[in-house]
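*Asks:* Top to bottom, those sequences are chains A and B.
In terms of the numbering used here, the numbers along the first sequence are unbroken and rise by one, the last being 227.
In terms of the numbering used here, the numbers along the second sequence are unbroken and rise by one, the last being 1367.
Certain hints may be false.
[Unchecked claim] Below, a sample of chain A positions facing chain B; criterion: calculated Cβ distance under 8 Å:
(1) 25
(2) 43
(3) 44
(4) 47
(5) 63
(6) 214
(7) 220
[Unchecked claim] Label-pair restraints from in silico Cβ distances:
(8) A:151 to B:1254: 13 to 23 Å
(9) A:69 to B:1107: 19 to 29 Å
(10) B:1191 to A:38: 35 to 45 Å
FYI, nobody ran anything at the bench for these hints, they're computed from the structure.
It should be emphasised that the depicted structure is a prediction, and the values quoted were computed from it without experimental measurement.
All residues carry an ideal CB built from backbone N, CA and C; glycine is no exception.
In case you want the letters, here they are:
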Amino acid sequence: MLIVKIAVLFPELLGTYGDGGNGLVIAERSRRRGYDVDVTSVALGDDLPDADLYLLGGGEDGPQRLASDLLRRTSFARRVGDGAHVLAVCAGLQILGTTFSVEGDDEYEGLNVVDVVTRRGEHRSVGELCVRVEDETLVGFENHGGVTRLGDGVTALGTVLRGRGNDGALDGFTTSNVWATYAHGPVLALNPWFADRVIAGVLGVELEPLATAADRLYDERRLTLRV
Amino acid sequence: MGLRIAPGLLTTLATGRTVIVVSGTNGKTTTTAMTAVGWGGPVVSNATGANMPPGHAAALVASNSPRVVLEVDEAWLAAVVDATRPRVCVLLNLSRDQLDRANEVRHLAERWRTMLGDVANADLVVVANANDPLVVYAAEVSRHVRWCDVPVTWLADAVSCPKCTSALEHGEGLWRCRCGFARPRAMATTLDEELVVGDHRIELTLALPGQFNRANAAMALCALAIVGVDLDAAASRIGEITSVAGRFAERQWGGHCLQLLLAKNPAGFAAMLETVTADERDVWVAINARVADGRDPSWLYDVPFEMLRGHRVYCFGDRRLDVATRLDYAKVEYVIVDDDAAVPTSANLVPVLANYTAFSDWLACSS
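Let the hints inform the model, and build the full structure from the sequences given.
*Replies:* Here is the structure:
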């Protein structure tokens, strides 16, 4: 029996917008398919546990810097380099990069997992965010002040259909084991296909469709947002 | 925000009156009403919940009573304190609310702290919740603070120290940080049926439900103590309040008997969920995400809906599918209501937990 080990990193620092929902959704959708799930919430002062999937949420500026500083002192980057999976939203996306600026123009060191730089934009980006991800559409909500530039060879998660994302054209980034998006909060609750893509990636299996209340929500959001 | 008001207008209108201002994420309207009713006699108040300066000006224009209680939006507190020179400022709590307006909660605490550090009227007394670390961070710089030990249900926004961001240690009703920031000693404490203010014990029995309303009442009474009100009489008047601007009111609608509960953010929702009793089989939840609510309902995932397992939850409002999805993942029985007329009536009073505009809709359509 496969056990999915999920670690939610520092929810007290990175969990401003209901981001804990992503762990819940991964756990429930895995359980309903018969997989065992072990969800650990990693608190300040805890050691970084071994996990198949690390979840990084959104956060305010000070807590975001602290989360980055704390994680840099752990084996996080090495574990991700070794293939552990990561889903990061909003501030979590920013700290995966090499540097980020939040308040003012001071640069802070990120976790250097992906060659990505975030600078403070002229305006906050607040509103619905819709992204074309290959043949799927991601719907969500963004609220951040960053403009993110991808380094050479870094693949965006998708192209922006509505909202701002990284820079108005692209949103987030992805590697074989990392998904990052500016669609904050419970993005997996809104996008059941995305939740299943993450689960399938972590388990290395093909998944059968699973009917949940989220299917109707996803259809309704796409209709309302005309994407 | 509507009209812009002339600078100095609020100051002119407030001059010569005794002003109490009330702010915080949750309980503003209720605590303002409790303060006004507890004070007794004619009291001016922005009872409609219009809690920004135009609403304050409108209330002050409407009456020349010397007693004023103003509910103030958290983001407007500095401006209103500066303009109205209050005698007392009540700070209830701070937690995440309508984050799409970018008023991140720690920034609000910082702004309150700056305001209280620079405040012009030296005799301002702050009545502050000693159990909320963000409120303590804001209020500790004040010259005169009355700390209140009142029940809090939500500390998810104060897990890390507002000063140094280390993890706060919580335990036995106390909290502290290794940097030295710690819960202050309270001068007022709520007990089961009483409120203790200094060495004075006041009987406190409320018609309104919930521990959060005991907290609201305690803070209202602490504010009234500062303006010299007899607390036993005030507590008795506050105890008789049965609803505030429709909140907690029993209403009739289409053969259903409903109790309307306003719950517009995770902390408020958690507090309201605690008032739902096991014998209330059916619960209605109504959620919108209009401008006044905040356009982003992500916060539903911060609400402990798991508490509703064993109930049957009817999902109403523009965002009923978001609610249904949240409940599905929480393993709570749910019914999506696309046709209001199809909802079966219950023999009992049905709790309706609704956020801001959904609450207004239900208040308007029920009687």
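*Asks:* Let me know if the C-beta of residue 220 of chain A comes in closer than 8 Å to any C-beta of chain B, holds or violated.
*Replies:* holds (5 Å)
*Asks:* Is the hint on residue 47 of chain A kept, meaning its closest Cβ partner in chain B is under 8 Å away?
*Replies:* Violated, because the Cβ-Cβ distance from residue 47 of chain A to chain B comes to roughly 14 Å (cut-off 8 Å).
*Asks:* Is the interface hint for residue 43 of chain A satisfied, with its Cβ closer than 8 Å to some Cβ of chain B?
*Replies:* holds (7 Å)
*Asks:* Residue 44 of chain A was flagged as interface toward chain B. Is the shortest Cβ-Cβ separation under 8 Å?
*Replies:* holds (4 Å)
*Asks:* With a cut-off of 8 Å, does the beta carbon of residue 25 of chain A approach a beta carbon of chain B closely enough for the hint to hold?
*Replies:* Cβ of residue 25 of chain A sits 6 Å from chain B, so the hint holds.
*Asks:* Do residue 69 of chain A and residue 1107 of chain B keep their Cβ atoms within the hinted range of 19 to 29 Å?
*Replies:* Roughly 20 Å apart at Cβ, these two residues keep to the hinted range, so it holds.
*Asks:* Take the shortest C-beta to C-beta distance between residue 214 of chain A and chain B; is it under 8 Å?
*Replies:* holds (5 Å)
*Asks:* Are residue 63 of chain A and chain B close enough, Cβ to Cβ, to be under 8 Å, as the hint says?
*Replies:* holds (6 Å)
*Asks:* Falls inside 35 to 45 Å, the C-beta gap from residue 1191 of chain B to residue 38 of chain A?
*Replies:* Since the Cβ atoms of residue 1191 of chain B and residue 38 of chain A sit about 42 Å apart, the hinted range of 35 to 45 Å holds.
*Asks:* Go ahead and decide if the range 13 to 23 Å is satisfied by the Cβ distance of residue 151 of chain A to residue 1254 of chain B.
*Replies:* violated (60 Å)
Consistency with the previously given hints fails for numbers 4 and 8, ordered from lowest to highest.
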